[in-house]
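Asks: Chain order of the listed sequences is A and B.
Numbered per the numbering used here, the first sequence finishes at 1076, counting up by one with no gaps.
Numbered per the numbering used here, the second sequence finishes at 309, counting up by one with no gaps.
Calculated from the structure, these hints are not laboratory results.
Since this is a predicted model, take the numbers as computed values, not measurements.
Built from N, CA and C at the ideal position, the CB exists for glycine as well.
Between beta-carbon pairs, the in silico distance windows are:
| # | chain 1 | residue 1 | chain 2 | residue 2 | range |
| --- | --- | --- | --- | --- | --- |
| 1 | A | Asp985 | B | Tyr206 | 35 to 41 Å |
| 2 | B | Val307 | A | Pro994 | 43 to 49 Å |
| 3 | A | Leu1009 | B | Glu168 | 32 to 38 Å |
| 4 | A | Gly1004 | B | Ser96 | 53 to 59 Å |
With the Cβ distance kept under 8 Å, some of the chain B side facing chain A (calculated, not the full set):
| # | residue |
| --- | --- |
| 5 | Asn145 |
| 6 | Ala146 |
| 7 | Pro147 |
| 8 | Glu177 |
| 9 | Glu178 |
| 10 | Thr179 |
| 11 | Lys182 |
| 12 | Gly183 |
| 13 | Trp184 |
| 14 | Asp185 |
| 15 | Tyr202 |
| 16 | Phe210 |
| 17 | Pro212 |
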Amino acid sequence: MSTKGTHIPDWLKVPFAGITPAPSQEKGQDLFPTGNWRAIRPVYRDKLPPCNNACGTNEKIQGYLDLVKRGKYLDAYALIKEDMPFPSVTGRVCYHPCEQACNRGQYDEAISIRAVERFLGDLGQALPRDVVKAGPSNGKKVAVVGSGPAGHSAAYQLARLGYGITIFEKSPKAGGLNRGGIPDWVLPQHVLDREIERLIEIGVTIKTNTEVGKDVTWADLKNNYDACVLAVGLIEPNSARAEGENKKGVFYGLPFLRDIGMGTSKVKLGPRVAVIGGGNTAIDCAREALRQGAQEVTMITVEANTAEMPAMAEDLHDMVEEGVELLHGRAMTAVLGNGQVEALQLYPARFAGAINASPITIDREAPAQRFAVDNVIIAVGQRASLGWLPDEFKTPRGSIKIDQFGRLGATNFFAAGDVVQLGSGQPLMVVNAVGDGKRVAFNLDKVLRGEQLQPRTIAIDVIMDLNRMNMTYFPHFPRVKQSMLEPAERRSTQEEVIQAFSEEQAVEEAYRCFSCGTCNACDNCYLVCPEPCIVRSGRSNGLYKILVDYCKGCRVCIEECPTGCLEGVPELDFDTGVVRMDTAFAITPGLHGRQAAELEALAGRPAKDIENWR
Amino acid sequence: MSYTELTVWTRGIIMDKEGRDIVNSVAAAARLEGKFAQAMENYVDNPDRTNAPTRKYCRVSDGQIENALTYENEHPNIVVLVEETMVKGWDYMRGMAPGGTLVINTHYSPEYMLRFVPGPERLSQLVCVGAAKLADHKWLYYRLGELGLDRLSTEGAAERSKAIAPDIAAPIIAAIVKTTGIVKLQTIEPMIANKAAFKAALDELHILTLNPVAA
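Let the sequences and hints guide you as you build the complete structure.
Replies: Here is the structure:
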C-alpha cells in the first residue's frame, strides 16, 4: 500500500506493516529490496550461433552481420579479418556451411551470409591500407610451404603474432588452389592478387618458383627455421584407371584449371567435351570447358543421380542452366582413338559402398557404350605429392601423419589443409583449409612459447537452437537474392557469374539475422522489465546489468529475449545475493518488534504529545 | 504455557496452498490426537502476489493455548521453507530456541544449504526433501513460471482446493512429521491426498544432524 497523498505522522514513516513508501517515492526502492522474491536469476550468457559453429574457420558471423546492420562496415571487416585473411575470396567461393546451419533456414530462408562477406571483403579491398597489422616481432622465423588457403591463413595468423614468415610456392604465382583451382568467373584474378598484396604488406615474404624437395630440402626447413607449416595441398590428379588415358586430348581437371588460372594454358578444346567425375572440380571443369569454346559438354558420373553427387547443389543448378548435359551411372573404361581421343568406352557402373570414395563396380556383362567426343577432362579427385617427406610422417592413404593439434610427432613441423584432411571426413573446401591453417598457427605459437596444447572443444548445449528463441519478434522476410548473369551470356565470358550486393542489399540482409543466442542490444529486456531492475550504461552487448536486489525473478525478460541470450539460473547456484529481511516488507531485523514497543508506549501518552512524538 | 511452534515460509500464489495445507493438516492431526492446536496465516504478508514471501503458523500444545490473539510465532521450534531459494532471503531463524529443526524443499544437499542458514548453531537438524521430484511435479521442477500461471486460472481449482496436499506438500509434511514427531504419522496420513509421495518421502529424506540437545 502506498502512502502517497496521505498525511502520515513522522513516527509512522518507518517501514511498517502495510504502510510503506511507494517505490516511486524517495528511498522507496531502498525499502523494497524485492530481490529475495526471486527463485531464478536472469543472467546474460552469450551462446554460439550455429553459423559460427558451422564455419570452417569459426568466423564471428553474427558479430559482423550486427555491425553491418549498424553501418559499422570497417568494424565488421576487422572482425572478419580475425579469422579469415581473405573475405573477398571466400565471399565468392565458399560453400557456405554457415548458411546451411543458419537457424533462419528453418524459419523462412537462410541469411545470405556469403554475399555480405563478399560485400565486406570488397570494401576491404578498396581500402588504401588494411586494418590488420603485423604483430611486434618476436625474432622467430617460420617457413610455410604452399600459398594456398591453408598456407595463406597460417602465414597471416603467424605474421599477426609477430613471426617472420617465408612462404615457399612452387608455381610462378602465389595463391595455390585459390588461383589454380578456382576459375576466373568465380574468383577474378585481380581480387586474389590484392589479397596476396595484403599478405606481403604485413611482412610476409613469398618465394615463388620454389619447390619443396627440389629448391628447399627437408633439412633446410628444419635447420633454418624455428618451425614450419606444411600446407602443400593435393596437387596430383587421380587417374580414372581407364585404358588409353595417355592419348592426346585427355586432360586432368586440376591441371586444366590451374594452367588457365596461371595464364599458361595452351589448351584448345574441340566442340564435344566429356567431363569424368561428379564433384565440384568436375563442375568447374565442365563450366570452364564451355567458356573455352566447347559446344556440347557432357558430365559422366558414376553416381546414379544428382543428389548423390558430392557437389554444391547451387553450382550444379547453375551448370545445368548453362547447358551442360549429365550422364549418370556410367564409368569410363577406355579412351578410344588412334593417338587422339575419338570416343569413350562406357559401361554401367555404381559405387560398391555407400560413399563416393568406395570402389566402383562396373557391369562388364552389359553392352559397352561408345561415346564420341573430341576431348575428355578427367576430374576424379586429387592426391598429394609427398616424395620429399620422411617416410615416418606418411599415412597409408597418402596424406601427412599428424596428431590432433596438426603437429608432426614431436617436431616443430605442422601440417594443415587438404593434405592432412584428405579422408578425414572434413570437406576439402577453402574455408576448412583456412580454419585448419588458423588453428595450426595458434598451436605452433603455443609450442614455440612452451605452452601446453589444449584440444578444442565446444559444449553442444551452447550452440543456439531455434526452439530456445522468441520468434514473435521476427517477421517473415524473404532472402535478398544476388543477381546473376543470364545463362546464355555466361557461356562466352570470363565475367563473374554472381554479382555483388549493393550497400542497401547488404544492410537489408544483415537485418534479417536473428543474432541467435547473442545479445544484440535490442533493448527488449530493458523495456519489458516491470520493475526498474535492468540498467544499461550504453546500448551495447555486455553493458546491460540486472539489479539483483530488486529483480523478483518474474522471468519476463527471459521469456521475451528475442535471441535467447538471457537465461534463468537457479538462485541457489549463486553464493552472492543473500539479503536478510525480517518479513516481506521490513528490511531491518526486529523492526516490527521495535515498532511494537513504541506502539505499546503510545497508550500511556497524552493525545497532544502523539503528534509531536519526536 | 509452552507449546511447539511451526512456521512455514512459502511463496505467494504459486505455493500458497502448499503452505496452508501443511499447517492445517498438522493442526487437524494434533486435534485428532486430543491435543490443542492453532493454524493461521499471516496478515502482514500479502499472499496474493506471485513469489512474495508468505508465512503460515501452527501451534500444537498438550494443554489449552491461551495466546489466541497474536498471530506470529515469536519462537518457532520448526521452520519449513516450501521454496528452496527462501533460504537466502529471510531471517527465518529469528527467535528459534536451540534444538530447532529446519525443513527445506530442495534437491540440494543439506551440507550445501547450510552455508545460507543464519545462526545454524540453533539447529539440531537440517532436513532436505526433494518434494518437487518426489511428487513428480513437472512444473515446479522444470518451469516454475508456468506453475504461477496455472494457479491464477480457475480450471480445476475446486478439486485442487478440496484435496489436502495433492502435490509437493505431501513429502514436506512427511519430512516434518517423521523428523520432529509433532504428530503421529498414522494420524496424519489418511488426510493426505498424495499418499504415494508421502510414503516415498519417508525413505528419501536427507537429514544433517547438528548440535544434538541433551534430553
